[in-house]
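**Student:** Sequence:
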Amino acid sequence: MPPTLASLVHHSALKLTVRAGGDRLDVPVRWAHVSELADPVPYMEGGELLLITALKLDAEDPQAMRRYVKRLAGAGVVGLGFAVGVNYEEIPEALVEAAEQEGLPLLEVPRRTPFLAISKAVSAAIAADQYRAVTAGFAAQRELTKQALTDGPEGLLAALAAQVDGWAALYDASGAVVAAAPDWAVRRAARLTAEVERLRERAAPASAVVGGPDAEHDDRVELHSLGTGRRPRAALAVGTAAAPGTAERYAVHSAIALLTLTTERSRSLQEAEQRIGAAVLRMLLAGEPDHARAVAGGLYGALLDAPFRVIVAEPSSAAGRGHAEGAERVAGRVSGGTAADPAGDALGGLAEAVESAAARSGETVLVVPEGERLVVLAADGGAAVTAATRYATALEGARAAGESREEDEPVVGLSAPAGPIAAATAYKQAEQALSVARRRGRVFVEHEQVAAGSVLPLLADDAVRAFADGLLRALHEHDATGRGDLVASLRAWLSRHGQWDAAAAELGVHRHTLRYRMRRVEEILGRSLDDPDVRMELWLALKATAPDR
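Residue numbers (my numbering): 6 to 554.
The set of hints was computed from the structure by calculation and includes no laboratory data.
So the derived label-pair ranges between C-beta atoms look like this:
| # | residue 1 | residue 2 | range |
| --- | --- | --- | --- |
| 1 | A403 | R488 | 53 to 61 Å |
| 2 | G487 | D538 | 27 to 35 Å |
| 3 | A262 | W189 | 20 to 28 Å |
| 4 | K20 | W189 | 44 to 52 Å |
| 5 | M541 | A507 | 14 to 22 Å |
| 6 | K151 | L304 | 27 to 35 Å |
| 7 | W189 | L304 | 31 to 39 Å |
| 8 | K20 | A132 | 17 to 25 Å |
| 9 | V39 | S212 | 35 to 43 Å |
Derived SDA-like pairs (lysine to any residue); straight-line CA-CA distance at most 25 Å:
| # | residue 1 | residue 2 |
| --- | --- | --- |
| 10 | K20 | T9 |
| 11 | K75 | F120 |
| 12 | K61 | L21 |
| 13 | K548 | L499 |
| 14 | K75 | S40 |
| 15 | K125 | G52 |
| 16 | K61 | E102 |
| 17 | K20 | L30 |
| 18 | K151 | R137 |
| 19 | K61 | Y93 |
Remember, it's a predicted structure, so these values are computed and weren't measured experimentally.
Quick reminder that beta carbons are idealized off the backbone N, C-alpha and C, glycines included.
Use the sequences and the hints to build the structure in full.
**Tutor:** So, in structure tokens, the structure goes:
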């Protein structure tokens with residue numbers, strides 16, 4: 006504890022006597038200061054015991070003393086020491102009454118007690134308090150380190166909560182509560198998710214204070230970002246009834262350092278795991294599931310024992326790679342990066358959402374950066390797939406509402422469930438879904454939606470339209486001369502599956518006329534309508550160029 010007026014009064018060598026404000030002696034004393042100025046307030050910082058002999062004061066003037074004492078109290082002076090036997094044989098009643106009226110403690114200093122003795126006593130008490138705080142801080146650091154090594158972050162949080170006489174909580178990169186101590190603090194910590202998310206947007210290291218007596222909750226909560234990278238990987242919350250003292254501050258700083266070391270060590274391990282994961286993915290896509298399973302071992306083996314999904318994501322600004330490369334080239338392209346900053350900020354949020362959900366549910370997930378892309382293998386029906394779907398659909402909803410949440414939103418494709426043997430197929434399905442998402446201006450598309458839906462929306466691609474225009478150009482040019490309606494006749498004939506009478510009736514012409522027109526189509530295009538591939542291409546070209554497609 007820092008020195009107080011009470012401790013100075015009880016100091017046997019000082020012989021101080023309380024003359025006013027006896028009920029306020031428990032106030033801490035920051036320093037003892039001697040000043041004979043009529044107005045020493047400009048030189049006060051607050052918390053001082055002011056020592057005077059009234060050399061330049063009219064201490065017997067009640068009005069002057071009221072002004073003097075009021076100024077001192079307003080400046081935060083915690084007590085006034087008056088030396089008797091120097092300029093006054095005893096403390097004037099005007100000063101005593103003014104101190105009583107203002108509630109300012111007034112101490113009588115006997116002549117044989119020099120002001121220097123009081124200053125030394127205050128200084129020694131402050132030094133002793135600081136030494137105790139430092140010693141307690143080092144002890145707290147040892148205890149926190151011990152708990153971190155034996156019980157991990159949970160043990161560290163429990164020790165920290167005991168040290169600060171409050172509570173502590175750890176958040177992951179997504180702002181979700183990972184652990185808290187005591188147990189009741191989980192609900193309190195969960196209410197601070199929004200503040201943690203705002204803290205993550207600031208440059209690291211960052212901290213903030215929320216709550217307090219004037220807020221909804223009485224506790225004062227400090228938030229600190231954890232990690233040395235540009236994006237904080239975690240956050241620590243410490244809740245106390247008041248601002249932490251020196252010893253408590255040592256404990257908080259020690260916890261920050263230890264959790265940062267734990268976080269950075271976890272990142273190094275994660276990077277090593279991702280290199281293994283990249284190797285597993287390369288083998289799966291190359292059609293070597295047995296080798297992939299052998300490399301996966303206990304790290305990713307559980308993921309290969311049940312159906313999984315493949316997620317392929319890339320920033321909306323990426324050009325897109327297409328999916329006609331073959332499994333061999335795809336497998337050779339996968340590289341082991343770090344998911345901490347996969348393909349830039351556009352995919353960072355998605356990676357964090359997937360990894361955090363998997364960590365909370367205890368499921369295995371494989372996250373591999375691939376150039377501008379992010380490739381994820383996650384258990385079908387698991388928390389990671391659900392988190393990816395929610396993250397992408399939330400962005401899509403925000404876009405539909407005119408709210409831009411990301412400057413460069415990710416585009417996400419999700420495969421159908423697959424096993425290790427069909428990993429390359431699942432990858433292509435995810436790529437196909439990704440390609441469809443781009444064409445439709447969507448954030449997220451599942452392969453099931455592509456397979457179950459119509460092929461017609463895919464015809465909106467510019468390349469398809471260009472092909473259709475080129476294929477039908479000669480027919481349109483023929484019709485423009487007024488020598489027949491070949492395009493409409495071709496559309497009617499194809500829609501009626503080559504049935505002459507039905508198509509002719511739809512057009513209102515004789516079937517011989519329709520036969521003649523179809524021969525002209527074959528002559529102009531140089532293709533046979535007996536070829537099913539030709540009929541398919543012409544039908545798709547007609548659908549791609551139809552105004553009401």
